[in-house]
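Read top to bottom, the protein sequences are chains A and B. First residue of the first sequence: 1, per our numbering; consecutive thereafter. First residue of the second sequence: 1, per our numbering; consecutive thereafter.
Simulated from the structure, these hints should not be mistaken for lab results. Keep in mind it's a predicted model, so treat the numbers as computed, not measured. There is no bait here: all hints are sound.
Since copy identity is lost for identical chains, a pair holds within one copy or between any two.
Using 16 Å as the maximum straight-line C-alpha spacing, the simulated EDC-like pairs for lysine to aspartate or glutamate come out as follows: (1) Lys-23 with Asp-57; (2) Lys-93 with Asp-64; (3) Lys-339 with Asp-31; (4) Lys-23 with Asp-290; (5) Lys-24 with Asp-290; (6) Lys-258 with Asp-345; (7) Lys-272 with Glu-294; (8) Lys-23 with Glu-36; (9) Lys-93 with Glu-66; (10) Lys-288 with Glu-154.
There are 2 protein chains.
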Amino acid sequence: MTKVRIGLIGYGVVGRGFVAAIKKNRAVIYDKTGIELELSAVADLNIASSYDQFLEDVPFKTRDAEELVTSPNIDIVVELIGGYTVAKEFITKAIANKKYVVTANKALLAQFGREIFSQADEAGVGVGFEASCGGGIPLISVLKEDLAANNILEVCAIINGTANFILTRMTYEGATYETALAEAKTLGYAEADPTFDVEGIDSAHKITLLSSIAFGTWVDFKKVYTEGITKISTVDINFAKELGCTIKLLAIGKRTEKGIDVRVHPTIISLKHRLAAVNDSFNAVLVKGDIVGETFHLGRGAGSLPTGSAVAADVIKLSKEIVNRTAPRIPPLGFLSPKELNLTDIKDVESEYYLRFETEDTPGVLSGVAGVLAKNSVSIKSALQRPYENELQIPMVFLTHTTTGRQIDDCLKEIIRFPFIKGEPVAIRVEEEG
Amino acid sequence: MTKVRIGLIGYGVVGRGFVAAIKKNRAVIYDKTGIELELSAVADLNIASSYDQFLEDVPFKTRDAEELVTSPNIDIVVELIGGYTVAKEFITKAIANKKYVVTANKALLAQFGREIFSQADEAGVGVGFEASCGGGIPLISVLKEDLAANNILEVCAIINGTANFILTRMTYEGATYETALAEAKTLGYAEADPTFDVEGIDSAHKITLLSSIAFGTWVDFKKVYTEGITKISTVDINFAKELGCTIKLLAIGKRTEKGIDVRVHPTIISLKHRLAAVNDSFNAVLVKGDIVGETFHLGRGAGSLPTGSAVAADVIKLSKEIVNRTAPRIPPLGFLSPKELNLTDIKDVESEYYLRFETEDTPGVLSGVAGVLAKNSVSIKSALQRPYENELQIPMVFLTHTTTGRQIDDCLKEIIRFPFIKGEPVAIRVEEEG
Chain A
1 MTKVRIGLIG YGVVGRGFVA AIKKNRAVIY DKTGIELELS AVADLNIASS YDQFLEDVPF
61 KTRDAEELVT SPNIDIVVEL IGGYTVAKEF ITKAIANKKY VVTANKALLA QFGREIFSQA
121 DEAGVGVGFE ASCGGGIPLI SVLKEDLAAN NILEVCAIIN GTANFILTRM TYEGATYETA
181 LAEAKTLGYA EADPTFDVEG IDSAHKITLL SSIAFGTWVD FKKVYTEGIT KISTVDINFA
241 KELGCTIKLL AIGKRTEKGI DVRVHPTIIS LKHRLAAVND SFNAVLVKGD IVGETFHLGR
301 GAGSLPTGSA VAADVIKLSK EIVNRTAPRI PPLGFLSPKE LNLTDIKDVE SEYYLRFETE
361 DTPGVLSGVA GVLAKNSVSI KSALQRPYEN ELQIPMVFLT HTTTGRQIDD CLKEIIRFPF
421 IKGEPVAIRV EEEG
Chain B
1 MTKVRIGLIG YGVVGRGFVA AIKKNRAVIY DKTGIELELS AVADLNIASS YDQFLEDVPF
61 KTRDAEELVT SPNIDIVVEL IGGYTVAKEF ITKAIANKKY VVTANKALLA QFGREIFSQA
121 DEAGVGVGFE ASCGGGIPLI SVLKEDLAAN NILEVCAIIN GTANFILTRM TYEGATYETA
181 LAEAKTLGYA EADPTFDVEG IDSAHKITLL SSIAFGTWVD FKKVYTEGIT KISTVDINFA
241 KELGCTIKLL AIGKRTEKGI DVRVHPTIIS LKHRLAAVND SFNAVLVKGD IVGETFHLGR
301 GAGSLPTGSA VAADVIKLSK EIVNRTAPRI PPLGFLSPKE LNLTDIKDVE SEYYLRFETE
361 DTPGVLSGVA GVLAKNSVSI KSALQRPYEN ELQIPMVFLT HTTTGRQIDD CLKEIIRFPF
421 IKGEPVAIRV EEEG
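With the rest of the complex left out, here is chain A (with noise of 0.2 Å):
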């Protein structure tokens, strides 16, 4: 057998870039494998309107999933329709059967990825998932097999390319984050509700998996300090040039001494940061290993086709699989047994830090504010204060020392009491350069 006899579930944006990319490339994909893909299903409730020439030739085409998942006629399912309900169904299903399986869904796995990798395990088959993190870039793999001598020390990402495209708009166009947000909906970056990508959830996904291989544990997804973009300004953009720096929304994962840090958050990088020159909508993934030192993947993080891609790649390496009738080669999530690591509370996470304040023009201010942050032991690492143009109020921007989340807290709890501070003070995390 050479052929190996793909179902589709949900032909939206990524199911037509993942049916382009097998369709168009089929010459190809048989000469660098020899294996024939053939799309034998697709199951999508709009099947009727979303007839397109790429499904001319599908035998079987249904709005009925469930046919599918239970068919004796498919070896891969490829689950693209997305959230946590009939997908984990149709994917519990399709193990159930025997079936190895596909999919971009990462707010499924990083809910529920447990639970199925172990029963695919039990059954014997395997599980891709390359789409679900970075889109076109390869990640996935790359941490699993690639780097697999290598005791994984870090994984620093910019995975969200909605969060990505307002942040550089705001840097490099002066874009307020509404405007922004707005010409990302416009293009087709953001959906109605981006409220995934904007509050760093879906960032919080990805970490999850990416995490959870690099350092071979399960992270818990709910436990992931996830902070979005909503708060900040263009002020705190061009204070950052200033500095020399860039604002980015950060995936991070590190292992540590006393177990893992696992946290997505707005983070003030330098301009020298391998992450800083990641614009628009491209993801990136800055990975560190003990043995390999320093690796820099990036790509498109989403679209059609990019995703596309990585979703056949997958459908590829597991064909091959089916082909020559081994069980998976590897663990879906790349290590045979979880280990127990702890993961740090945010508030106990050190870095350094960016803070700004908005204050009267009265005597005492530099010396009220400086004085909490010392008697907090926050030790002050430059400070910049300096009118604006055309306001009373005057900003006070501060960069700290390494410090913890916790004294950060403790100093702005004490400090906003002060009669002179005005509005909410800013607390941005810095992350050396990478």
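Given the coordinates of chain A, work out where chain B should sit on it, guided by the hints.
Same frame as chain A, now just chain B:
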């Protein structure tokens, strides 16, 4: 069998890195793969003097690699001695004895890969060579597997750390070529005889392999246009800076309408080009696929541990095939049958050019040179003529629009005959932003 027995030939820089990786991370690798890598034998001409802690429990140490490639107790032979002669003999013999082979030997594979891979194919054994291009950067596997659904359109790379280190020093420290080369030698980045690195030969070996994989053909190394960095001067580096550009030694493989275009030469690229920020001894590769778009991969291209990481990754991947008793999942070069693709003559390759002429300060110079360019249909994009301080001759710099190597050659032949032209003209190809 979960134990895989490795025989290593060559305990030099990369050999030590590989052994350090599999010894230090023995438990990590087992946890990720379920496979125990046993270093069963090491052959090295200086085995007596190269003794260290990692070799202590190696059961078989010898000066004679012959014993190792024929031993029934070895599953994978790792060849890390380099060179064309004995390395080829050992690899050939290992394959004849049904051993899987891992090598970092780009010089050997670029010239004899076709023969070696076809032997391996007949014997049904796998050959891994991830470490041969880009050191620790996952690259071969990315082209062969992760981007398998793509028609690869272009591979554009900085894949020689020595040359890149030298150009970086010349660009950012103002060093001359000679002092930068001396520094590279002191730091161990350049060998006593740096010919392969600075003349682009090493890059040509690597782009021969990468292009073969990318385009599904056998690129003939001898036909790859190869030009090194020995003639690059700080004068041109400084003019490039003024133009918002930098000079890099690029290895380029492109799919064209008529076939392919593979070459190595110093190249002027915009500072916005992704490869412009790849400095020091880092390597990086920009890949363009018809489905995925652009992906970018960066890391340490050489060095004991980074290269050892890639060797170990190959050993782990091949070990899984050995354990599963499956034939290699994919052909070594990633395609079933090589296509015959026409390699464009360098004289027909089109690009923009940077030209510099040193001229006497006499009337008629600009009109003379510009006249020759016009006569040969070379269109000028921008021109710059400006006296040096304290020197009589005047540099005249042009950026041309897209033209062919042949047209430029014709111009240079004619221009050099003007009596006001001093010394050798400089012509450097310009690559568009990538």
